[in-house]
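Chemist: Residue-level listing of the chains:
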Amino acid sequence: MELPPSHSPATRAAALAAAFVCYRRGSPGRGLALRAVRRAVRQGIDGVGTKYHLELLLEDILDKDRTVNCTAEVFYHLGNKTTAPDVQFTIEGELKNADEADDIFYKRIKSLEKELVAENIPDSHGNVSPEMEPVRLLAWAASGYVVWQNSTENTKFQLAQIKHVKQVKRSDEYLEFDYTILLHEMVSQEIIPWQMTVLWHPRHGVQVTQDSQKPKHTSE
Amino acid sequence: MWLFLGIIFSLGMLIPGKHSLKLQYDGDQVFHVVPETFQQVQHLQHLCSTLLLDLWKPQLSEDIWAGEDLHIRVPAPLVQEVKDSLDQHMISYKVLIPDVQELVDQRVPKERSSHRQVPEGYVYTQYHPMEEIYQWMTQIQESNSELVTQHYLGTTVENRTMYYLQISQPSDKAKKIIWMDCGIHAREWISPAFCQWFVKEILQNYKSDPKISRFLQNLDLYVLPVLNIDGYIYSWEKDRLWRKNRSPHMNGTCYGTDLNRNFNSSWGSIGVSYNCSSEIFCGSGPESEPETRAVAQLIEKKKSDILCYLTIHSYGQYILTPYGSTTEPPSNSEELMDVAKKAAAALQGKYGTSYKVGSTSLILYSNSGSSRDWAHTIGIPFSYTFELRDQGTHGFILPPEQIQPTCEETMLAVTTIIDYVDQKYFPDGAVMLTSSSLGLSLCLSVVLIWTLS
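Line by line, the protein sequences give chains C and Y. Using our numbering, the letters of the first sequence map in sequence onto residues 1 to 220. Using our numbering, the letters of the second sequence map in sequence onto residues 221 to 673.
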């Protein structure tokens with residue numbers, strides 16, 4: 001069934017697909033975001049789940065004029081809350097090459113004497129220092145994993161802020177960061193703190209090796 | 221002599237009107253030359269055409285004659301060059317007017333520079349804490365007292381005063397009302413930023429912008445820059461992502477009602493939580509919150525005059541129509557959608573930002589108790605919720621560089637809606653002469669009469 005692309009079932013599935021793409025294609029040097037939903041088709045499969053076919057327009061966070069088309073299939077499993085939806089996607093055309101930016105960030109972190117530590121990215125006013133931008137984009141990519149794993153047809157997640165990040169020094173070639181992020185869920189309007197351990201290497205992509213929802217402490 | 225003054229006067233009339241060229245004549249000089257030979261005439265004609273000098277007498281270059289008076293206005297940067305050139309060609313001259321602007325200023329009442337209409341130094345492209353917004357409201361009223369009055373609306377849970385600004389052009393006419401509120405949700409900082417921008421734009425442009433001056437003849441604008449004051453302050457001081465107000469529940473172990481679930485429209489029915497710890501807690505009853513009551517009471521009182529209710533939120537890039545609690549469309553759904561689409565198109569024209577248009581229940585989620593739904597239910601025909609930039613890349617924490625473009629494009633959408641409402645309820649084909657265009661036509665006709673006599 002053809003869905004109006006602006007209606008919520010389409011935009012929720014699209015947000016999930018975009019998050020998955022971010023996880024698979026994002027890096028400290030490259031962030032992608034959903035610009036528009038061009039087309040959405042829903043197909044219910046009795047007793048099994050619901051499938052969405054989506055045609056999306058994605059934009060490069062660092063260069064808003066740069067967009068790519070993306071087709072995706074999202075499959076929500078019926079009733080099963082512990083299984084993440086299945087997502088497959090194809091990107092038409094080429095994404096901006098992030099190798100140089102990735103390598104610069106990699107070398108910079110590897111050469112730090114003290115582990116990187118930071119808080120509140122962005123700050124309350126929305127500012128992100130240039131040195132922290134790759135840290136933010138890495139979280140953006142990694143949060144795609146968390147969003148993917150926890151989405152249903154009734155949720156729409158976005159990364160709202162990085163509360164805290166700490167580098168964990170490793171002896172191997174990977175970089176490791178321990179993030180506490182805040183996710184915004186649109187339907188419930190909740191802000192959900194989440195911890196994630198992120199592994200990254202320029203040639204091996206982003207990996208979330210461990211993650212868990214954190215309790216919301218009522219400050220005050 | 222009179223012709224001369226007539227020209228000065230016409231020049232002066234051109235200056236204040238912002239719809240014409242903004243011309244300044246500081247340091248410009250008027251030269252009086254009487255060319256003696258044909259070669260001098262030729263040189264002067266050459267000078268006028270190459271430097272594009274402004275001939276006051278005669279009007280046309282072809283009419284320059286030896287032995288006849290020549291008056292030329294020379295722009296300040298060219299004064300020395302022209303003097304040198306005249307000296308080189310042994311052409312004597314006199315400086316008739318050493319500074320044209322000075323003369324204009326003497327003849328024409330100085331219009332208040334636009335800086336004086338808005339508080340000097342207030343930076344609209346930054347986010348401001350509540351104390352600064354309070355000060356801003358006072359200053360706006362003081363420097364625009366002929367148009368703006370600050371009104372008491374009520375008090376918040378934490379006993380802070382709520383004010384709205386009324387922008388009203390003095391007139392004998394009975395006016396209708398456009399209501400706009402911002403900051404019902406604390407973390408949506410771009411929303412109060414937009415209300416402030418909106419007020420500033422109206423006050424800076426109401427004389428020169430024909431659309432604004434037209435609708436201000438018929439409509440009063442009521443602007444509430446921050447509805448949820450306690451929450452807004454809390455988001456500055458304690459928790460940037462706070463949403464609700466600050467009412468205490470359960471013996472002070474839990475805080476905050478979602479004000480946009482607290483209005484009396486299908487209250488508590490769908491898209492809410494009855495649990496205080498939820499972000500969409502609808503409160504203990506419809507209008508349980510003082511902030512809700514303050515707004516509802518005023519709107520209820522004036523509802524027969526309110527044509528349009530706008531409430532500004534972020535984020536998502538939507539113009540939302542009723543309802544949230546049902547997919548059943550409102551009675552004027554088609555018209556509401558048409559106008560919203562026009563507004564979204566106008567917005568997109570500025571920077572390409574695309575907004576989705578539709579009812580909350582279809583394109584966002586189900587909710588009940590929203591202010592927008594309540595406004596429509598009590599009879600306000602044009603009720604819209606705006607969700608401003610962006611789509612989630614920054615979300616609530618929109619960087620300050622985006623304040624200006626967001627406000628500029630949103631301004632276009634809002635004025636499209638106000639414009640439509642104005643044209644619908646006050647149809648009028650007559651062209652309104654602005655005072656400056658009227659003045660100019662008067663002067664030019666006077667000048668013409670003298671020339672001919």
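These are computed hints drawn from the structure, not numbers from a lab. Every residue, glycine too, gets a C-beta built ideally from N, C-alpha and C. Possibly wrong hints are sitting among the right ones.
Said to hold, decoys possible - With a cut-off of at most 25 Å between alpha-carbon atoms, the simulated DSS-like pairs for lysine-lysine come out as follows: (1) K64/C - K522/Y; (2) K523/Y - K644/Y; (3) K163/C - K458/Y; (4) K396/Y - K570/Y; (5) K458/Y - K216/C; (6) K169/C - K107/C; (7) K110/C - K166/C; (8) K427/Y - K396/Y; (9) K166/C - K427/Y; (10) K458/Y - K214/C; (11) K521/Y - K395/Y; (12) K64/C - K561/Y; (13) K395/Y - K522/Y; (14) K570/Y - K523/Y; (15) K427/Y - K395/Y; (16) K96/C - K163/C; (17) K521/Y - K393/Y; (18) K562/Y - K396/Y.
Claimed, not checked - Short, incomplete list of chain Y residues facing chain C, as computed with Cβ under 10 Å: (19) Y313; (20) K314; (21) R380; (22) I453; (23) S455; (24) D459; (25) L461; (26) Y535; (27) Y538; (28) A565; (29) G578; (30) D610; (31) E621; (32) Q622.
Claimed, not checked - Each pair of labels, with its calculated beta carbon distance range: (33) K458/Y - V117/C: 20 to 26 Å; (34) K570/Y - H201/C: 38 to 44 Å; (35) R66/C - K570/Y: 16 to 22 Å; (36) E173/C - N379/Y: 55 to 61 Å.
Chemist: Confirm or reject each hint.
Modeler: Structure-based check of all given hints:
Of the supplied pair hints, the one linking K64/C and K522/Y is violated, its CA atoms being roughly 44 Å apart against a limit of 25 Å. For the given pair, K523/Y sits about 18 Å from K644/Y by alpha-carbon distance, which is consistent with the 25 Å threshold. The suggested pairing of K163/C with K458/Y holds, with an alpha-carbon distance near 14 Å, which does not exceed 25 Å. For the suggested pair K396/Y and K570/Y, the alpha carbons sit about 29 Å apart, so the restraint of at most 25 Å is broken.
For the given pair, K458/Y sits about 14 Å from K216/C by alpha-carbon distance, which is consistent with the 25 Å threshold. At roughly 13 Å between alpha-carbon atoms, K169/C and K107/C fall within 25 Å of each other, so this suggested pair holds. Between K110/C and K166/C the alpha-carbon distance is near 14 Å, which keeps this suggested pair within the 25 Å criterion. Of the pairs offered as hints, the one joining K427/Y and K396/Y holds, with about 20 Å between alpha carbons and a cut-off of 25 Å not exceeded.
Restraint check: the Cα-Cα separation between K166/C and K427/Y comes to about 56 Å, which exceeds 25 Å; the hinted pair is violated. Proximity of K458/Y to K214/C is assessed by CA-CA distance (about 19 Å); at most 25 Å being required, the pair is judged to hold. Between K521/Y and K395/Y the CA atoms are separated by roughly 15 Å; this keeps the pair inside 25 Å, and the hint holds. About 24 Å separates the Cα atoms of K64/C and K561/Y, which keeps this hinted pair within 25 Å; it holds.
The hinted pair formed by K395/Y and K522/Y meets the criterion: a straight-line CA distance of about 11 Å does not exceed 25 Å. A C-alpha spacing of about 33 Å is found between K570/Y and K523/Y, which places the hinted pair above 25 Å, so the restraint is violated. Our distance criterion of 25 Å between C-alpha atoms is met by K427/Y and K395/Y, whose separation comes to about 18 Å. For the suggested pair K96/C and K163/C, the alpha carbons sit about 28 Å apart, so the restraint of at most 25 Å is broken.
Restraint check for K521/Y and K393/Y: the C-alpha separation of about 20 Å stays at or below 25 Å, so the hint holds. With a CA separation close to 22 Å, the supplied pair K562/Y and K396/Y stays within the 25 Å bound. Given hint, Y313/Y at the interface with chain C, is violated; its Cβ is 55 Å from that chain's nearest Cβ, farther than 10 Å. Among the interface hints, the one on K314/Y is violated; its C-beta lies about 58 Å from the nearest C-beta in chain C, farther than the 10 Å criterion.
Against a cut-off of 10 Å between C-beta atoms, the interface hint on R380/Y is violated, since the closest Cβ of chain C lies about 17 Å away. Violation of the interface hint for I453/Y is found here, the shortest Cβ-Cβ separation to chain C being roughly 13 Å, above the 10 Å cut-off. Checking S455/Y against chain C by beta carbon gives a least distance of about 8 Å; that is within 10 Å, so the hint holds. For D459/Y, the interface hint holds, since its Cβ comes within 10 Å of a Cβ in chain C; the closest pair sits about 6 Å apart.
Proximity of L461/Y to chain C holds as hinted, the smallest CB-CB distance being about 5 Å (cut-off 10 Å). Of the supplied interface hints, the one on Y535/Y holds, with its beta-carbon coming within about 9 Å of a beta-carbon of chain C, less than 10 Å. A hinted interface residue such as Y538/Y counts as satisfied when its beta carbon comes closer than 10 Å to some beta carbon of chain C; here the least separation is about 9 Å, so the hint holds. Nearest Cβ of chain C to the Cβ of A565/Y: about 14 Å, over the 10 Å cut. The hint is violated.
Hint status for G578/Y: holds, given a least beta-carbon distance of 6 Å to chain C, under 10 Å. A cut of 10 Å between beta carbons decides the hint on D610/Y: the least distance to chain C is about 9 Å, and the hint holds. At its closest, the beta carbon of E621/Y sits 8 Å from a beta carbon of chain C; the interface hint therefore holds under the 10 Å criterion. Proximity of Q622/Y to chain C holds as hinted, the smallest CB-CB distance being about 8 Å (cut-off 10 Å).
Distance hint check for K458/Y and V117/C: the Cβ-Cβ separation is about 22 Å, which falls inside the suggested range of 20 to 26 Å. The given range of 38 to 44 Å is respected by K570/Y and H201/C, whose C-beta atoms sit roughly 42 Å from each other. In this structure, R66/C and K570/Y meet the distance hint of 16 to 22 Å, their C-beta atoms being roughly 20 Å apart. For the pair E173/C and N379/Y, the supplied restraint of 55 to 61 Å holds, since their beta-carbon distance comes to about 59 Å.
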